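Chemist: Chain by chain, the residues run as shown.
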Amino acid sequence: MILLDDVTLTYPDGDARVTAVDRVTLEGRPGVVTGITGPSGSGKSSLLALAATLVRPDSGRVVIDGVDASALDAAKRTALRRERIGIVFQQPQLLPALTAREQLRVMAELGGRGSRERRTAVRGRVDGLLDAVGLGAFADRRPAQLSGGQRQRVAIARALVHDPRVLLVDEPTSALDRARGAEIMALISRLTHERGTATLLVTHDLVHRDALDETVEVVDGRAALVTTRRR
Amino acid sequence: MYVAWRDLRFARGRFALIGAVVALITLLVGFLSGLTGGLAAQNVSAVLALPADRLVLHPVGDAAATFADSAIDQATVDAWRTAPGVDRVTAVGITQTRAERPGASTAVALFGLDAGTSFPAPRRDDEIDLSAGAAKDLGAAVGDDIAIAGSSYRVAAIGGDDWYSHTPVVALTATAWAALDERLGGTGQPTVLAVSGSPAWDTVAADTGTTASSPLSSLTALSTFRSEIGSLALMIAMLFGVSALVVGAFFTVWTMQRSADIAVLKALGASTLALVRDALGQALVVLAVGVGVGIALTALLGAIAGGALPFVLSPLTTLAPAAVMIGLGLLGAAVSLRTVTSSDPLTALGSTR
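Which chain is which? The protein sequence lines are A and B, in order. Taking the working numbering, I'd label the letters of the first sequence as residues 1 to 231. Taking the working numbering, I'd label the letters of the second sequence as residues 1 to 353.
None of these hints come from the bench; they were simulated from the model. Values in this document were obtained by computation on a predicted structure and should not be read as measured data. C-beta atoms are modelled at their ideal positions from N, C-alpha and C, and glycine is treated no differently. All clues stand as given, with none of them false.
Derived list of chain A stretches under chain B, where covered just means 3 residues or more per stretch with a C-beta under 8 Å from a C-beta of chain B:
1) 48-60
2) 82-93
3) 96-107
Facing chain A, a subset of chain B residues (Cβ under 10 Å, in silico):
4) Ala11
5) Gly269
6) Asp278
7) Leu349
So the derived label-pair ranges between C-beta atoms look like this:
8) A:Gly31 with B:Leu273: 32 to 38 Å
9) A:Gly31 with B:Ala249: 48 to 54 Å
10) A:Ala175 with B:Ala323: 45 to 51 Å
11) B:Ala249 with A:Ser59: 44 to 50 Å
12) A:Gly124 with B:Leu284: 26 to 32 Å
13) B:Ala323 with A:Arg17: 50 to 56 Å
14) A:Arg123 with B:Ser342: 30 to 36 Å
15) A:Asp15 with B:Ala323: 50 to 56 Å
16) A:Gln145 with B:Ala249: 30 to 36 Å
17) B:Ile304 with A:Ser115: 49 to 55 Å
18) B:Ala16 with A:Arg23: 55 to 61 Å
19) B:Ala249 with A:Ala175: 33 to 39 Å
20) B:Leu284 with A:Arg23: 48 to 54 Å
21) A:Arg123 with B:Leu316: 43 to 49 Å
Just chain A, same shape as in the assembly:
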């Protein structure tokens, strides 16, 4: 699970500081897709950056799978991301030189030599995950040879191949048409439920709200749980 506990994030703006996230408490639970919505500039992406441990909060805690990430140095936060967090970016952000299979296998190599067991486990999951996202037949294709929807599927598989406890998803449908967007949202929902990851999904587009288990709205850096849907 992931817990953002009373977190505040500010950033400099000239001589002043702007508050991007204002004392937000948010919990992502295993097997639940939590949608984070709100207008542009409301602090959704800052919240995701905090959850991804890419920035440290000015105050409050970010707890990932029982580990207080806000107390860790940069190297340890990187290791925490590598082992327990999966990220799906707004754009697929695939490496152009790598095939779909290699995009997933690279997750076993990010820490250099790392532990042999972990690398073996990641490699062992690659083909199964590509099948799970419907791309088993496209494993040897590079990003330029895939459609936008296929690239986003590869990105989702990449975010899950190391079996993270937390999945962070940033506007996954922004570059897709409505039908493909619905497919991607359904895929994220299915994989979250199957694998028991705690998923935080930022979106400004509620057209795919059926894929969300609960929704948190962020306005001016403050968050409020607005809907919870029982399955």
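Fit chain B to the given chain A structure using the hints.
Modeler: Using the frame of chain A, we list chain B on its own:
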């Protein structure tokens, strides 16, 4: 190296291009090194072959001592011979002139010294020992007569490949050399003392008004060697600099083009160490292949040109420049690491590519 190997495969055209540039620079460096070695050997091999711990020269006036101007009188020779700690002093006369035999003539360096040392020298005043180069130029064999400055000498032996100032060496006895030098307008005094032992070198040198340097250090007293090797060494140094700059510029541009990928990898959890290892490993592969091809071409061309040019193919003229090329290339590539270390993973969020 996971991403690095795949980048090499994916952008093989670009990497082949930079590899070819590295290979060409290595070829230039290797060829210049071989040529420098060959020219150096033709310039100083006889000096380095003299049997000495130190070579003693006598400077003229306030000028620095040189092989061309040095002249050592008998008192100085005796002072060195009787100095405590000196085991052996060999007086050597050096001058240059022409040697002739019917149908052949060549410039030679005359070395006058008495037999009994490791340096080849005849035992009789009417005999000479030819170096292999002199024998080849004159087409002479043992027993042939060679004319030098109007006197005839019989070839007693043909020895090693000794050269001095780009002329092959002809050795005479000290007495024969002194007579020849006087006929050529010289003083007949020896030019250099080859001294072995462990005396108080600086004290004896100061007392006798001479300089005593190791054979290697004394090469700077050979003006042609200094200017020739200095020019070639400068060219080699500049090529090393160009190589480091070219490799550094390539990898800097390449890494900057990949900065978005690097940010994504960092956001996904790549350690900076793994990314640095990846980048340097990639540079090492390109350098190793480029330098390897360059050295192979150098060896091939050196073997072909070796018969016509003074060219030395040895580990010093191939492997040493190769190691320097790789080292400097990696140093250049290390400049690009700033992009890797300073890349902010936060930029991966919200960036559109």
